[in-house]
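Asks: So you can see what is in the structure, the chains are spelled out below.
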Amino acid sequence: MHGSGLSISAHLPALQIAVPLLSAVICVLIRKARAAWLLATTVAWAAFAGACVLLNRVILHGTISYEQGGWSPPWGIELRIDLFNALVLIIVTGICAVVISASLTSLSMEVPEKRHNLFYAAFLLCMTGLAGMTITGDVFNIFVFLEISSLSSYALISQGATRRALTSSIQYLVMGTIGGTLLLLGIGMLYMVTGTLNIVDMADQLAMVGPNRTVLVALACVTVGTSIKLAVFPLHIWLPNAYTYAPAIVTAFLAATATKVAFYVLARFIFSIFGVELAFEQMHLDRVLMPLAIVAMFAGSIVAIYQTDIKRMLAYSSVAQIGYMLLGLSMATVPGLTGGIVHLFNHALMKSGLFLVMACVLFRVGSTHIDAMRGLGKRMPLTMAAFVIAGLSMIGVPLTVGFVSKWYLVSAAMEAGQWPVAVLILLSSLLAVVYIWRVVEVAYFQEAPEDAPAVKKAPIGLLVPVWTLVFAIIFFGIFTSLSAGVAGDAARMLLGAG
Amino acid sequence: MVVRHVILRSLSKMLIPLIMLFALYVQFHGDYGPGGGFQAGVIFGAGIILYSLIFGLPKAKMVFRPRVLQYLMAFGVFLYGSVGLAAILKGGNFLDYSHLAHDPVHGQHLGILLVELGVGITVASVMATIFFLFTERRRREDV
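Protein sequence lines correspond, in order, to chains E and U. Going by the working numbering, the first sequence opens with residue 4, and the numbers climb by one from there. Going by the working numbering, the second sequence opens with residue 138, and the numbers climb by one from there.
Do not rely on the hints blindly, as some may be mistaken.
[Unchecked claim] Now the in silico label distances, taken between C-beta atoms and shown as ranges: (1) Asp168(U) to Thr180(E): 31 to 37 Å; (2) Lys198(U) to Tyr447(E): 53 to 59 Å; (3) His142(U) to Gly198(E): 49 to 55 Å; (4) Ile156(U) to Gly213(E): 49 to 55 Å; (5) Ala206(E) to Lys196(U): 53 to 59 Å; (6) His239(U) to Thr184(E): 42 to 48 Å; (7) Arg204(U) to Ser111(E): 23 to 29 Å; (8) Arg167(E) to His239(U): 54 to 60 Å; (9) His239(U) to Gly464(E): 47 to 53 Å; (10) Thr184(E) to Leu187(U): 30 to 36 Å; (11) Leu145(U) to Arg166(E): 55 to 61 Å.
[As the list claims (entries may be wrong)] Below, computed lysine-lysine pairings styled on DSSO-like, alpha-carbon distance capped at 30 Å: (12) Lys460(E) to Lys381(E); (13) Lys35(E) to Lys117(E); (14) Lys35(E) to Lys198(U); (15) Lys117(E) to Lys196(U); (16) Lys117(E) to Lys150(U); (17) Lys35(E) to Lys381(E); (18) Lys150(U) to Lys227(U); (19) Lys196(U) to Lys150(U).
[Claimed, not checked] Residues of chain U placed beyond 10 Å of chain E at every Cβ, according to the derived structure: (20) Leu152; (21) Ile186; (22) Gly221.
It should be emphasised that the hints constitute simulated quantities derived from the structure, not laboratory data. No residue lacks a Cβ here, since even glycine has one placed at the ideal position from N, Cα and C.
Same shape as in the complex, but just chain E (with noise of 0.2 Å):
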């Protein structure tokens, strides 16, 4: 036995998988709705220090490479962290740790108690999921991942109050399986090529390869598989209806981290295995996606203003922000890729925030209608200060996350001499502020309806997560070295500029 506090560090990636999927089965096993809250919670923020730690050896020593099992790749399977999945796995894991937070507060509202240790299991689980789907070096491990986080957040989802939650959860069932197939048939066609199914190898195989129509096929099926759960604009139709009737704690969740994941599935898909030459000046990707990107900016938000749900509303939103990522991503240059991937990180804060300040106004205000935000800037000072503070950001007001995004985006547009990009990008900005506005109007210039009862604060529960992003979202606004710096360097990295 050679315990020693060095050696277990050196199997921190085995552990982030192997620890939440324990404990997963932990809260199964021990039936009490607070213990197994603890245990979530303790795992959930142990996670998110050892991603902090990885993301800090990796910008010291390198990319991680971990092999399960002893065995080496490309013949085992091989955990890699670069500095790309090492930021998205400290966003999974950190909303992780500050939602389940949360959730102990917000859940009674919302699921019966004795159902509570086995929605911490489904939590944790989906955790494991996105976490492995992130840091695996193994294309079939990430449709295994995926699958695992899949079916744990239709669960989750379907723990909604209303019925209506059971519906939207079968319906991203149906699209979700659809891009896993497609995921997988995609994956089976490069493994038939290839010979491989290690990240690494796979991409050195295809390059001697060369494309040919299997390869083009499985490009085809990979893009529109990832692009379904990412909710690219005409294949988003699940989104709205599952964030709206999900639990509000699993909706701050999932918008933040499940996306997040796919966004990273598909970049690491495109730009490390099939290469920036295939994908961009062969097939041309960018034709595809630069167009469905800017029009899900536009339609997220149109549609977004019309809604009278506020988390329907931000469920619209967020279709919008996804455009941006993937706007982002089809620029295939080193400024729209940083843009995207930053964006990535500070859209993850931003709409968590929001999310768990609708579940504030849910717990207090019981629902989230726009007519039950009257005169809440007064009753419920501190969420809505968070609310305006966030929404800032969404619109991308400087100081805050989203200024940062849009500036790396709009002069990544104008670096790549596309003018009305850039143009449209503002353009989109300001639909969020009609938005955002609606609610910031009927919350501090309408007076509460005389009969109202009277609402007390939010429990001190809900509003120490809420305002830890809120303040994240001001820190990485302002000091933007370790978001943008490290995306700056994983886009580098992606496309082999050094």
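For this one, chain E is given, so just place chain U on it according to the hints.
Replies: Below, chain U alone, put in the same frame as chain E:
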């Protein structure tokens, strides 16, 4: 939904122990021949399902309590993961069975045996639970 047919009842009484025995054979012979935890779990689960088809759900639930099945489902995964963690504590990588015993070959044997046992337990109890849940719902709607 108890089946009255004498032939079915007596035949399945004979067959169910054999099915379960065969499941255990597939489970523990999986290292050397075709088979393994998943297949064994499905066969064992099929034995449980056959029992409940012939002798009725209430009797089946007395033998295989849903609550116990839920524990078993979780326990199988737990066993699998613990083997992986044990390998780390013994100085190897996650799931590196060679470090489980002094002799790497013994370690590999022990590791795969325990891991497959975990798979078998989980699969068998999941199969039975899925069947119980579906039949239960059907019965409730009939009433």
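Asks: Evaluate each hint against the coordinates.
Replies: Evaluation of the provided hints:
1. For Asp168(U) paired with Thr180(E), a C-beta distance near 34 Å keeps the hint of 31 to 37 Å intact.
2. Checked against the hint of 53 to 59 Å, the pair Lys198(U) and Tyr447(E) passes, with Cβ atoms roughly 58 Å apart.
3. Checked against the given bound of 49 to 55 Å, the beta carbons of His142(U) and Gly198(E), roughly 53 Å apart, stay inside it.
4. Remark: the range hint 49 to 55 Å for Ile156(U) to Gly213(E) is upheld by a beta-carbon distance near 52 Å.
5. For the pair Ala206(E) and Lys196(U), the supplied restraint of 53 to 59 Å holds, since their beta-carbon distance comes to about 57 Å.
6. Taking the beta carbon of each, His239(U) and Thr184(E) are about 45 Å apart, inside 42 to 48 Å as hinted.
7. A beta carbon spacing of about 24 Å between Arg204(U) and Ser111(E) agrees with the range 23 to 29 Å that was offered as a hint.
8. Distance hint check for Arg167(E) and His239(U): the Cβ-Cβ separation is about 59 Å, which falls inside the suggested range of 54 to 60 Å.
9. The hint said 47 to 53 Å for the Cβ distance between His239(U) and Gly464(E), and at roughly 50 Å that hint holds.
10. Taking the beta carbon of each, Thr184(E) and Leu187(U) are about 31 Å apart, inside 30 to 36 Å as hinted.
11. Restraint check, Leu145(U) to Arg166(E): a C-beta distance of roughly 40 Å breaks the suggested window 55 to 61 Å.
12. Our distance criterion of 30 Å between C-alpha atoms is met by Lys460(E) and Lys381(E), whose separation comes to about 10 Å.
13. Between the alpha carbons of Lys35(E) and Lys117(E) the distance comes to roughly 8 Å, so the proposed pair stays at or under 30 Å and holds.
14. Under the criterion of a C-alpha separation no larger than 30 Å, the hint pairing Lys35(E) with Lys198(U) is consistent with the structure, at around 24 Å.
15. About 26 Å separates the Cα atoms of Lys117(E) and Lys196(U), which keeps this hinted pair within 30 Å; it holds.
16. For a cut-off of 30 Å, the pair hint linking Lys117(E) to Lys150(U) is broken: about 38 Å separates their Cα positions.
17. A threshold of 30 Å between alpha carbons decides the hint, and for Lys35(E) with Lys381(E) the separation of about 38 Å lies outside it, so the pair is violated.
18. Taken as a hint, the Lys150(U) and Lys227(U) pair is broken in the structure, with Cα atoms around 46 Å apart against an allowance of 30 Å.
19. At roughly 14 Å between alpha-carbon atoms, Lys196(U) and Lys150(U) fall within 30 Å of each other, so this suggested pair holds.
20. With a minimum CB-CB distance of about 33 Å to chain E, Leu152(U) clears the 10 Å threshold, and the non-interface call stands.
21. For Ile186(U), the shortest C-beta to C-beta distance to chain E comes to about 22 Å, beyond the 10 Å cut-off, and the non-interface label holds.
22. With 10 Å as the threshold on Cβ separation, the claim that Gly221(U) sits away from chain E is violated: the shortest Cβ distance comes to roughly 6 Å.
Comparing the model with each earlier hint shows violations of hints 11, 16, 17, 18 and 22; every other hint is respected.
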